[in-house]
Amino acid sequence: MKILVCITHVPDTTAKISFTNDNTKFNEAGIQFIIGPYDDYALAKAVELKDTHGGSITVLNVGEASTEPTIRKALAIGADDAIRINANPMDSMYVAQQIAEIAKQEKYDLILMGRESIDYNNGIVHGIVGALLDMPSISPVMLLDIEGTTAKLAREIEGGKEFLEVELPFVAGCQEPIAEWKIPNMRGIMTARTKPLKVVEPVPFNPASGTVSYESLPEKGSVKLIDPENAEELIDLLKNEEKVL
Amino acid sequence: MSVFVFLEGSEGKIKKSSKEAISYAVEVGKIIGDDEIIAIVLGVYEDTDLEKLGNNGATRVINVNDEKLNENQISIYAQIISEIIQSGSANLVIMTKSSFSDNVGARIAGKTGASIVSNVVSLPDVSSGFSVRKSIFTGKAFATVSLSGEKKVLIIKRNVIELMENGDKADVEKNPIPDNLKFNEKITGLEKAEGDILLDDAEIVVSGGRGLKGPENWGMIEELARALGAATGCSKPVSDIGWRPHHEHVGQTGVKVSPNLYIAVGISGAIQHLAGVNSSKVLVAINEDPDAPFFKAADYGIVGDAFEIIPKLTEKIKSL
Ligand SMILES: Cc1cc2nc3c(=O)[nH]c(=O)nc-3n(C[C@H](O)[C@H](O)[C@H](O)COP(=O)(O)OP(=O)(O)OC[C@H]3O[C@@H](n4cnc5c(N)ncnc54)[C@H](O)[C@@H]3O)c2cc1C
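These protein sequences, in sequence, are chains A and B.
FYI, the numbering for the first sequence is 4 to 248, going by the working numbering.
FYI, the numbering for the second sequence is 10 to 329, going by the working numbering.
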């Protein structure tokens, strides 16, 4: 089975988010970048599928050279080779166009990625890629089993799950508990250095959306503590002051 | 020109959160000068329910009334709606964010080349071009995004607009199902929490964390939730260990909620948990550790043992 895993290179989940240049640029100072947590689930699932069914895993990132350490980490976790599309990932449509272009040439059996990136949170790249390639796209996928050319999946819905079957090839946006995150071992880290990482120039495509400016959240006022002996007072405050009851 | 709204339902009922998109569209229509708001509903629904969408602001409803569409088929839905859009009468499609509509909206954009943005939290600003505010970094910041394509898909966050109710009735137009559809996804089953208030629709959420020590202690959380008319949620480790079902997991990698009131019980307040709750109107933390990070994010806090405090709160609510 030939699997493509698309990953984002995003600030670590504990990162303090701030902006520079008059709120027009994300402040990268002191930020540690990681594989997007949902993409990490997709990658972990790909490794499990390869263990069971054989095949290969290619990891793909649309990003500038600074994303290479993140790509190497994916190689250390178990991808066989990598493609970096040398471009600033300007918007979801742009990224999807780039992924679709590669997928048209390479004909993967399965395209996995996270349900959404944790920076822009659009959660739409998988769907756009599916439409561009005229294949099914399913998200957020929490269970995935493959038998022959048929996949059995569970997709999370509000308040439950939907079970479905779909024929390969297709695109899946992944989330837990599809697989357990994998931590690279020493051997993985060593071999990752020499695994092939191909840099490809993007296909020209004009993004149709752009970020004009950013805003941080307003500072939160301090907490009002209520004496546990008079816990009931909380209810009065919520009812009379906040009017949320 | 008109504005299209895609409405989503399940088991013959149109989702309430999805109707918010109609009221949003009415406001957008006022800004861009379109007053025809067309709701698209796929599958079999009661005629009276379809007419009642007028109450929320729809002027017309297009319903493809075929039971083959009763299941939420991602690619089929996207195909039908894309064809309606490409027939030329609208440039704007609006829907409320959900685990289904994200897929449909994305495929519509892929098929039609529309500019698309999700997690929208404001009405568009058309003073120069067309831009909207959206939530980014999992609720930790906002961005203003401009959309330049002629066709646009906006996926709005829940609770960004009050559901309008004006008593009007919409005209309902029934369309036949196109005959060129390729059913790619075979839906084989559905598993849904019975009778509970959905986390996504809830005005109040009561969540429990590892501090509750075990699944057997959730009775008091459920009782408080019932008294408040609230949905129940949990932290990630709680669903990871299987104390609670996965769809209750709130946070960065789980459900993002924005209720009027979020009560966190025995949850430490890790940044990844807060990312899923920080757009709630009022945050309450109940934790025995005065240094729990949740108290830095909360509006109200009680430092103490949840096992003593929760029953007191439930009793007080019941006495109101
Ligand atoms: C990439 C990534 C993504 C993540 N995504 C999420 C996410 O989406 N959602 C999420 O929740 N977490 C997420 N996490 C995990 C997160 O970092 C925390 O580990 C998790 O939120 C902690 O859950 P908790 O608060 O229930 O448990 P703990 O941190 O163990 O906290 C338990 C709390 O209960 C209190 N307590 C104990 N006994 C009592 C008592 N009797 N009465 C009152 N209080 C009591 C304790 O003081 C403590 O504060 C993520 C982590 C990573 C790395």
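Derived from the structure by calculation, the hints contain no laboratory data.
The beta-carbon is built from N, C-alpha and C at its ideal position, and this holds for glycine as well.
Careful: at least some of the hints might be erroneous.
To be verified - With beta-carbon atoms standing in for the labels, derived distance ranges:
| no. | chain 1 | residue 1 | chain 2 | residue 2 | range |
| --- | --- | --- | --- | --- | --- |
| 1 | B | Pro-246 | A | Gly-58 | 29 to 37 Å |
| 2 | A | Glu-235 | B | Glu-182 | 26 to 34 Å |
| 3 | A | Ser-21 | B | Lys-222 | 33 to 41 Å |
To be verified - Below, computed lysine-lysine pairings styled on DSS-like, alpha-carbon distance capped at 27 Å:
| no. | chain 1 | residue 1 | chain 2 | residue 2 |
| --- | --- | --- | --- | --- |
| 4 | A | Lys-5 | B | Lys-201 |
| 5 | B | Lys-327 | A | Lys-246 |
| 6 | A | Lys-107 | A | Lys-164 |
| 7 | B | Lys-290 | A | Lys-246 |
| 8 | A | Lys-164 | B | Lys-160 |
| 9 | A | Lys-107 | B | Lys-160 |
| 10 | B | Lys-160 | B | Lys-191 |
| 11 | A | Lys-155 | B | Lys-201 |
| 12 | A | Lys-164 | B | Lys-321 |
Hints and how they fare:
1. B/Pro-246 - A/Gly-58: 29 to 37 Å: 33 Å Cβ-Cβ, so the 29 to 37 Å window holds.
2. A/Glu-235 - B/Glu-182: 26 to 34 Å: Given about 54 Å between the Cβ atoms, the range is violated.
3. A/Ser-21 - B/Lys-222: 33 to 41 Å: holds, 37 Å
4. A/Lys-5 - B/Lys-201: Given pair A/Lys-5, B/Lys-201 is violated - Cα atoms ~34 Å apart, limit 27 Å.
5. B/Lys-327 - A/Lys-246: holds, 17 Å
6. A/Lys-107 - A/Lys-164: The given pair, whose Cα atoms are some 31 Å apart, is violated under the 27 Å limit.
7. B/Lys-290 - A/Lys-246: holds, 11 Å
8. A/Lys-164 - B/Lys-160: Distance ~32 Å between A/Lys-164 and B/Lys-160 Cα, so the pair is violated.
9. A/Lys-107 - B/Lys-160: holds, 25 Å
10. B/Lys-160 - B/Lys-191: Holds: B/Lys-160 and B/Lys-191 sit about 25 Å apart, inside 27 Å.
11. A/Lys-155 - B/Lys-201: holds, 18 Å
12. A/Lys-164 - B/Lys-321: violated, 35 Å
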